[in-house]
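Participant: Residue numbers (the numbering used here), protein chains in the order written: chain A, 1 to 603; chain B, 1001 to 1159; chain C, 2001 to 2148.
Some hints here could point you the wrong way.
To be verified - Dumping the calculated DMTMM-like pairs for lysine to aspartate or glutamate here, alpha-carbon to alpha-carbon at most 25 angstroms: (1) K457/A to D503/A; (2) K312/A to E2112/C; (3) K579/A to D2037/C; (4) K177/A to D1033/B; (5) K68/A to D184/A; (6) K67/A to D179/A; (7) K177/A to D1065/B; (8) K67/A to D184/A; (9) K276/A to D296/A; (10) K586/A to E2046/C; (11) K163/A to D1055/B.
I should point out that these hints are in silico values taken from the structure, not numbers from a laboratory.
Letter by letter, the chains look like this.
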Amino acid sequence: MTAPSLKLTAHGDTNVGKVRDHNEDALIVDAKWGLYAVFDGMGGAAAGDLAANRARDVVHEYVRAKKKAMEPRALLEAALNAASAAVHGEAQRTRDRHGMGTTAVVALVIEERRVVVAHVGDSRAYLLREGRLTQLTRDHTVVAELVANGALSTVDAENHAYKNVLSRNLGARPDAKPDVIELDLAPGDRLMLCSDGLYGYASTDAIQYLLGSTDGPQHVARDLIDLALRGGGGDNVTAIVLEAGAQAVPRATQVLRTSGAIAWWSRRAVFLGEAKRRGIAQSPICAVLSADEALDIVAGNLCEAIFHDLEKSTGVNVWTFAENLAHGWFDQGGAWQPLAELLDLLAASARAVTSELTSDDEGLALIVDAAIVRAFITAEMAVGGVLSERLRVVEADLVRVHSARHAAADQSSRFAETPTIPYVSATRAATPDPASPEVRAHLQTLAQQARAQVGQKAPARQAVDALLRAALEPVGTASPALLARELFGVRPLEESGIAPLFDALDIARSAYVAAMRRAGGDPAQAIAVMRRLAGAQADLAAAIANLVVEAATPATERLRDAMRETASLRSEVGRNEAKLIDLEKKYASKSGGRPQLPPRRRV
Amino acid sequence: MSDLADRVMVLRDEVLDIVERGDRDQPGADLFDAIVRALAAYGETAPGIDLTLHDAIARRLAWGDTEDVVLSECGAVFDRLATAAERSLRDRAEEMLVLEVAAEVSTQVARIVALAALGRAQRDRAARSREELAQRRLRDALADQRSTLTRMSVPDVED
Amino acid sequence: MPSAPGHAAVFAGLVPAVLDRLVEVRSSLDHGFARLDEAQARAQLEQILSHQVGFLTSGDSTSLRGFLRSYRALRAADGLGPENLLHAVTAIGDVTTQIIQRDSPSGARTAELVSSWVRVSWSTARIVVEMIAEELAGRVAQLQELES
Chain A
1 MTAPSLKLTA HGDTNVGKVR DHNEDALIVD AKWGLYAVFD GMGGAAAGDL
51 AANRARDVVH EYVRAKKKAM EPRALLEAAL NAASAAVHGE AQRTRDRHGM
101 GTTAVVALVI EERRVVVAHV GDSRAYLLRE GRLTQLTRDH TVVAELVANG
151 ALSTVDAENH AYKNVLSRNL GARPDAKPDV IELDLAPGDR LMLCSDGLYG
201 YASTDAIQYL LGSTDGPQHV ARDLIDLALR GGGGDNVTAI VLEAGAQAVP
251 RATQVLRTSG AIAWWSRRAV FLGEAKRRGI AQSPICAVLS ADEALDIVAG
301 NLCEAIFHDL EKSTGVNVWT FAENLAHGWF DQGGAWQPLA ELLDLLAASA
351 RAVTSELTSD DEGLALIVDA AIVRAFITAE MAVGGVLSER LRVVEADLVR
401 VHSARHAAAD QSSRFAETPT IPYVSATRAA TPDPASPEVR AHLQTLAQQA
451 RAQVGQKAPA RQAVDALLRA ALEPVGTASP ALLARELFGV RPLEESGIAP
501 LFDALDIARS AYVAAMRRAG GDPAQAIAVM RRLAGAQADL AAAIANLVVE
551 AATPATERLR DAMRETASLR SEVGRNEAKL IDLEKKYASK SGGRPQLPPR
601 RRV
Chain B
1001 MSDLADRVMV LRDEVLDIVE RGDRDQPGAD LFDAIVRALA AYGETAPGID
1051 LTLHDAIARR LAWGDTEDVV LSECGAVFDR LATAAERSLR DRAEEMLVLE
1101 VAAEVSTQVA RIVALAALGR AQRDRAARSR EELAQRRLRD ALADQRSTLT
1151 RMSVPDVED
Chain C
2001 MPSAPGHAAV FAGLVPAVLD RLVEVRSSLD HGFARLDEAQ ARAQLEQILS
2051 HQVGFLTSGD STSLRGFLRS YRALRAADGL GPENLLHAVT AIGDVTTQII
2101 QRDSPSGART AELVSSWVRV SWSTARIVVE MIAEELAGRV AQLQELES
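Build the full structure now, drawing on both the sequences and the hints.
Facilitator: Okay, structure coming up:
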C-alpha cells in the first residue's frame, strides 16, 4: 500500500545583502520539474555571478533534457559535472575569469516523497522534521573536512585562517565530485536550501524557529532573508523552502495556537498587574524607565511576544525580546543577576495567568503553563547566547594577550644553529659545478652593475651580494642557509619583516637580468650565468622560508604539550565523574531510591 | 609569449614526474601551472601575487601538508623544468626567460609558505592559549569533584 | 523547584524510549553529539537524563549542577562553545517532551508530567546560563589583571 501523496509547496528568495554591490547567488525553483537549487558564485569582479548563472543554466537544461531518461542520482551527478566543465571552460578563456567558480546545492523531487540532494561547496541543505533542524550536507571546505575527521576542533575551525577555503566547487576542475544523498519526506517536513550568506549571519536556533513557524514557505523564505540581513547581511543571501504537505499537528499544539493564545491574551491584565505588584519598576534594568514605561515596554512587549509565539508555534518573538533586553542591559555594563531576577519576576507573573486559567479550564491551563515555561527556556537561550558571545570576545582578548607573551618567549630562541630541514635539492643536473672562471668573472661584473642599479638600499643591496655568493658556491653546500640568516639579520618575525626580503630578491634578480641584457655577449655564457642566478634565487628564497618555518616550530611543539596536558586532565575529570555516579547510586540504594547525598560544596 | 607558454606546457608530464596519487593533484602541479600562467602574461601586467597559486598552497597547507614538503616539491619542479627547458628549447633567450620566470614564481611560493608558517605559529599560540583556558576550567571542575568525593567517601562527616 | 516523586517514577519508565529517540536524532542536538558514535552518545545522554531525573525526584539541583560543571569543562576541552551545551540541554528537553506526549495517554496526568518536565528543563538551562555568566565574570577579571 503506498503512502498518501504529499502536496509540495516551495518558494525561494535572494538578496544582495548589505555590503556587497552585486548578487553572485543564483537559484532554481522549478516545481514542474521538481528541481530546486542554490548557487553561490566566487571569483570577484563579474566572474562570480557569471559562474553561478552559467552553472544554474546548465543544470536546469540538463535536468529538463534528461530527467526521464536517467536514474536520479546519476542525473544530478552528470548535471553538476556538466556545469563544472562549463564554468571551468569559461574560466580558462580569459585571464580575468581565472579561478572563478560556484558552489551548488540541488534538490530533485523524484516521487512525491523521495528527494535526491546533491551538493558541491558550502551551500547547504537542512531538514526540519518534528521541530528539529538537521543539516543534511557537510561543507566542502578544508576546515569542515578537518573537523569531520577530528583533526580540528570547532573552535579552532571558527578561527582558522583558511575557514572559507573550499575543498570542492564547480569550475575548479572539469568534474565536480558532488556528494549525493536521498531521503523520504514525511508530512510536515521542510527542506531548506541556502547559501552561506544565511547561516553565516543567522543562528541555527533562529533558523529553526522560523522554519518551524506556521507561516507558509513564501513568508518563511522572506523572513529567513530578513534574519540574515538583521544579522549583518555581509554576503549575498539565498534561501529556498520546500514544504511537504501538512503534518498531523499534535492536539496540544492545535489547542495552543487557538484557545491557548487567546486565553493568554485575554488575561494580559492579570500578567501586567502581577508584574506591577511584584515590583517590575524597581528592577535595576527598569531604572531609567517610569513605572508605566517599565510595565508597558518590558512586561507588555513580553506579553505580546508570548502571544504571537503561541499563535504561530514558534519562539522567535520571545527570543528577539530576550536578546534585545540582554544586549541593552549588558551594553550598559549591567550584570547577569538582575536580568535573571527580572526574568524570574516575569515568569512568576505569567504563573498568575495560568493559576487563574486553572479555575476555568484546568486542562487548557496545563497546556498553556508548559508552553509559557518553554517560552522562558527560549528566553534563557537568548540570554545565554548573548553571554556566550561576550565570553567569546573576552576569551579572544585573553588569547591575544597570552599569545603575545608566548610569542615574546618563543622569539628569544629563534633559529637553530644548524638547519634541521633539508632545503637544497640534491639534483641540479642543469648546472655545472663548480662555475668556470669565465662564468665567475662575468657574474662579478654583472654584480657590480646590479649594485650600481639598486644603489645603497638594503636589503636589495644585500640581496645582490647574497645572490652572487649563492650563484658562485658549488651546489649542495649549506651556504644558502647561512646567507639567508645573514640576510634575515634581526628583522621582526612578522609579515612586515619578512616580505621585504622576498621583494629584495626579485629586485636583485631584475637588476642582474637588466645588466645581462645590456652586456649582450656570448649566449652560452649568458645562459650558464642565468641558470646559476635563477637557481641561487630559488635556493635563497626557500632558505628564508625555511628559517621562518624553523622559527614557527616551537609554537607547534608547545601547543602539542598543552594538548597532552588537557587530555590528561580530561581523563581525570571523566574518571572522577564515573566514581561520583557510583557513589550516588550507592547512596540512592541505601536510602530506598531517593538520594540523600551530602551536598557538593561549590567551588 | 603565449606560444612559449604553450611549448612549456607540453613539458608538464616530464617536469611533474607524474605518479599515481589517487584523488590528490600531482605534487608541484600548482607551481608548474603558475609558471605557465606567468609566462603567458609576461610583460602584460605588473608582477604581483598569483592568487590561484596562493589559494592552492593555502589549501594544501590547510589539508596538512607541511611547509617543507611544499618547498622541496618547488625545488624539484624548478630543477626538472630547468633540465627540460635546456633540452627542448633551442632559443637560449627563451630558455633564459623560462628560468627567470621560474625563479620569480619559486620566490612567490617561498613567500606564501613563509607567511603561512607565520600564520600557523600565531594560530598555534592562540590555540595553546585556548588550551590553557580549557585546562583552567578542567582544574576548577577537578577541585569541585575532589571535594565532593572526599565528602561522599566519609559517610559520617557533617557539613 | 520541582519535586514530584510520583512523576519521577512515571518518567523513569519512559527513559528508555527517550534515550532511543535522543540517540536517533543526536545529529540535530548539537555539534558535540553529532560527532559521537551511538554508544558514546547514549552514555552521555544517559548521564544527563539520570541527573535530571534525580533533580526531579529530590528537588535538589546540587548534583545536577556539579555534573554540568564537569560536563561543560569536558566539552570546552573538545572545543565546543558554552552555548552548545545550552542548545543541547534544551533540545534534550524538547525531544523528551515529545516522547512523553507520544507515549503517555492523553489527559491531565500527562499534562502534569509535561509541566514538571519542562520545569526541570528550564532549571537545567538556567544552571548552564549561570555557569556561562560566572565564567564571563571570571574571564573579565583575569583579563583586567593581565592588562593592568
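Participant: In ascending order, which of the hints set out earlier in this document are inconsistent with the structure?
Facilitator: none
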